[in-house]
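Engineer: Listed below are the residues making up each chain.
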Amino acid sequence: MTQATPDVGGVPPAAAPPSRPMDDDGRGEGSSILREMLESSWLVSFLAVVIALVLGGVLIAAADPDVQRTATYVFARPSDFFGAIWSSVASAYAALFQGSVVNLGAPTFERAIRPLTETMTVATPLILAGLGLGIGFRAGLFNIGAQGQIILGGIFAGFIGFTFSLPPGLHLLLAVFGAALGGALWAGIAGVLKARTGAHEVIVTIMLNNIAVFLVAYLLTTSAFQRAGSSNPISPPIPSSAQFPLLLGDGFRLHLGFVLALVAAVGVWWLMERSTIGFRFRAVGENPHAARTAGMSVPWAYVWVMVIAGALAGLAGSAQVLGTEKVLTAGVAASFGFDAITVALLGRSRPLGTVLAGLLFGALRAGGFAMQARTGTPIDIVLVVQSLIVLFIAAPPLVRSVFRLPTPGDTTRKRRRSTSRPAAQEVSA
Amino acid sequence: MSTVTTKPAPARPARTTSTLAPISWRGPIVYGFFALASLIFFALLPAGGTETTFRISTATDFFQIPALTVSSTGFALVLSLVALGLAGLATWAAWTRRRLGVWLPVVFGLVVVFAFLAWAGAGKSAIPLTGLLQGSLFLAVPLVFGALSGLLCERSGIINIAIEGQLLAGAFLAAVVASVTSSAYMGLVAAPIAGALVGLLLVIFSVKYWVNQIIVGVVLNVLVVGVTSYLYSTVLAADPATWNSRNPLPVIEIPVLSQIPVLGPVLFRQTLLVYLMYAAVILLQIFVFKSRWGLRMRAVGEHPKAADTVGIKVNVTRVKNTILGGAVAGLGGAFFTVAAGLAFGKEMTGGKGFIALAAMILGRWNPMGALAAALLFGFSDNLRTVLGIVGTPIPSQIMLMTPYVVTIFAVAGLVGKVRAPAANGIPYVK
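Those protein sequence lines, which keep their order, are chains W and S. Under the numbering used here, the letters of the first sequence match residues 122 to 550, in that order. Under the numbering used here, the letters of the second sequence match residues 9 to 438, in that order.
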């Protein structure tokens, strides 16, 4: 059954965990477990990260002046050359690790674990937006619009935050709700247009992204949004009553938004796996014609998928404005909206996967800043590593052939059969 | 068993009274909306002055045409009424189920744009009409190449979201090669190679590993941004004189033709890249629809199994076309560096690849359509620059937003449901 319903989350069926209920090749128990392990998608994911880091290391080494210098006499003294490669790559990755997970050389415990909390802070908007995009992918909608939806969420959250003065709890609640509403409205435009007129969601969301960028730039020049007495496009600061409370005190930036992201992940899991609405979304994604035949309203599903995805992206905007940045600027969305696409793809559009992928990308980003500061390796290498990870994870046969791992399933025919009926790709641009 | 197979497929729900399709009112509504908006905002609301001047000739033209000065309100009023008339025509056509040609949206758009110009330029310095069009064509270049690339890939069944990455890779390699060889034309030669490499990666992962093509495209965009930005920060920034110096392509004037009033400077006083664009659009328009190669490509994109049955090698066709498409987009990438006369900068394509994708869909997977859509984007992009110089009453951010709003209206109201090649994005496995 699992073969007949390929994954709409954009993951080729070959990437799905091998569904082999019985040990049909008749080998012993021990060999079977080993084989299971070698075939597992977790191993492939891990190895994909390894290959990506190795290729990133090649780039780091190639740009290192020491490596370039020693390369001129590599045949005379190869040890210098390889030593230089090792030291450049090792120091860069050590800095990346220390900046994202734990800084072992730090004098105090607080400083030692701060990188981990930074990772979680950066991961928050990625997880929230990625969850929304994942719902879209599973319903067959390719929503590129998280960027714009995050911006709208930020605009709404910021406006409610710095305009009104309300009691602490209520103020935050209202601002967060406003952010979700803003994102939902923005995405809803694309959903309604897709449902009513068949307008392609890829075009509409791209256009809405651009409109949102100029909208926030414009709003920040108006008196309602611009900080009084400032000529820069920056809003008044968010009062503490509308800020996400810090989770670990003043020493850390980690705020309640991270918990919100985890709660949202659980909520999305329930919605997609346990509720009728989620079932309809998935059915529309698998095969809209069949869903319509079964009496489901496909346009209804498109609208609500976009609204929910937009609300989640809006929450990502609120995490930035009310938590991390505490102010609305034109760069509120940074590149989170686009990074969230890769996060959702890497997480296979599943909530748990999205959380883990968000943490991984958050770690790479947080660590990337530390790496740039300490070793001078530009943070752009992080983009290379991120994209290579997704590329390799999406192509398990490639990873398997690199490491000579066994292919899951008894023969290649099984894999072919499942892939020859690719996911009902409404996602066609 | 045979009875089941020979039975006709279950009939569609019986059409009730009429066999005619329901009248679509979307088009008339959109036209009416814009015509009314034009009437209210450009003709009836007060403008910044009483007279608007359009400058038609450039200083170097052989035939000098005097600048045209009109009454702002009167001109905008006349044009708005024409727009209303066109909207009425569209309504009548919808009512009588007549089909109007492509000319209607084009003429309508021009009329509303001129009404807008009459209003925006009222009491300001002259609006350089030729310069406006010249710049529009120039800014449309990467969009046209990008859209053609998308078209080549998608017509053969490979979704190309990686246009952005192909443009950026082309821009990068063009800048580097032009800088190292001190020849802008060498940059033009190198740019397609970079784009083709990105196309090669796209097609390897799509055809050999059956990875979802949208994933590959999105990821390749990030990869190219990462690699080019990394090399920019480490190599190019360290020694810009060697690796990243500016090498603008010279403007080539075509004798005689460039002296035609208005059209001459716009079409025939451009760089080699623009002439290559004309050639690409015309050749593709012919070859996609009239040649054996084009027929095979479309067959592979629409019904790969049928194509395979008659002996067309589906995956080979896809590989070739995707690499060709990548090369076309890479050539378009040269626009950002050598044609625009700029050094390479991080992420300098700035989302133009996605706009190109939109242009391709708006143009319905058609070279001429893609050209028209790209010109629309180029025009609105350039309009903002020109009006910025002339001075306009509108905030620049709102001006920047306009083309995207118009696109949404166009997609939702006029184009509606577009049909991609049927086998788009589906890996072919025998």
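Check the hints yourself; a few may be wrong.
[What the hints assert, rightly or not] Sample of chain S residues lacking proximity to chain W, with all beta carbon distances greater than 12 angstroms (derived): (1) 34; (2) 193; (3) 217; (4) 218; (5) 223; (6) 238; (7) 245; (8) 248; (9) 262; (10) 265; (11) 268; (12) 414; (13) 417; (14) 420; (15) 427.
[What the hints assert, rightly or not] If you anchor each label on the Cβ, the simulated ranges turn out as follows: (16) 497(W) - 216(S): 34 to 44 angstroms; (17) 456(W) - 37(S): 28 to 38 angstroms; (18) 216(S) - 394(W): 51 to 61 angstroms; (19) 131(S) - 380(W): 42 to 52 angstroms; (20) 250(S) - 384(W): 26 to 36 angstroms; (21) 351(W) - 216(S): 34 to 44 angstroms; (22) 253(S) - 420(W): 26 to 36 angstroms; (23) 455(W) - 49(S): 33 to 43 angstroms.
No lab work stands behind these hints, which were simulated from the structure alone. Just so you know, these numbers come straight off a predicted model, no measurement behind them. Beta carbons are placed, not taken as given, at the ideal position from N, Cα and C, and that holds for glycine.
Engineer: Does each hint fit the structure? Answer for all of them.
Structural biologist: Structure-based check of each hint:
1. 34: At roughly 6 angstroms from the nearest Cβ of chain W, residue 34(S) sits no farther out than 12 angstroms, so the non-interface label is violated.
2. 193: holds (28 angstroms)
3. 217: violated (4 angstroms)
4. 218: violated (5 angstroms)
5. 223: Its Cβ does come within 12 angstroms of chain W, the nearest being 5 angstroms, so this is violated.
6. 238: violated (4 angstroms)
7. 245: The assertion about residue 245(S) is violated, with a minimum of 9 angstroms to chain W.
8. 248: holds (15 angstroms)
9. 262: holds (35 angstroms)
10. 265: Its Cβ never comes within 12 angstroms of chain W, the nearest being 36 angstroms, so this holds.
11. 268: At roughly 35 angstroms from the nearest Cβ of chain W, residue 268(S) sits farther out than 12 angstroms, so the non-interface label holds.
12. 414: Not fine: 9 angstroms to the nearest Cβ puts residue 414(S) too close to chain W.
13. 417: violated (10 angstroms)
14. 420: Residue 420(S) not clear of chain W: closest Cβ-Cβ about 4 angstroms, inside 12 angstroms.
15. 427: Label violated. Min Cβ-Cβ 10 angstroms, cutoff 12 angstroms.
16. 497(W) - 216(S): 34 to 44 angstroms: holds (38 angstroms)
17. 456(W) - 37(S): 28 to 38 angstroms: holds (37 angstroms)
18. 216(S) - 394(W): 51 to 61 angstroms: violated (33 angstroms)
19. 131(S) - 380(W): 42 to 52 angstroms: violated (57 angstroms)
20. 250(S) - 384(W): 26 to 36 angstroms: violated (54 angstroms)
21. 351(W) - 216(S): 34 to 44 angstroms: Since the Cβ atoms of residue 351(W) and residue 216(S) sit about 55 angstroms apart, the hinted range of 34 to 44 angstroms is violated.
22. 253(S) - 420(W): 26 to 36 angstroms: Violated - the Cβ-Cβ distance for residue 253(S) and residue 420(W), about 55 angstroms, lies outside 26 to 36 angstroms.
23. 455(W) - 49(S): 33 to 43 angstroms: Roughly 35 angstroms apart at Cβ, these two residues keep to the hinted range, so it holds.
In this structure, the hints that do not hold are numbers 1, 3, 4, 5, 6, 7, 12, 13, 14, 15, 18, 19, 20, 21 and 22, in rising order.
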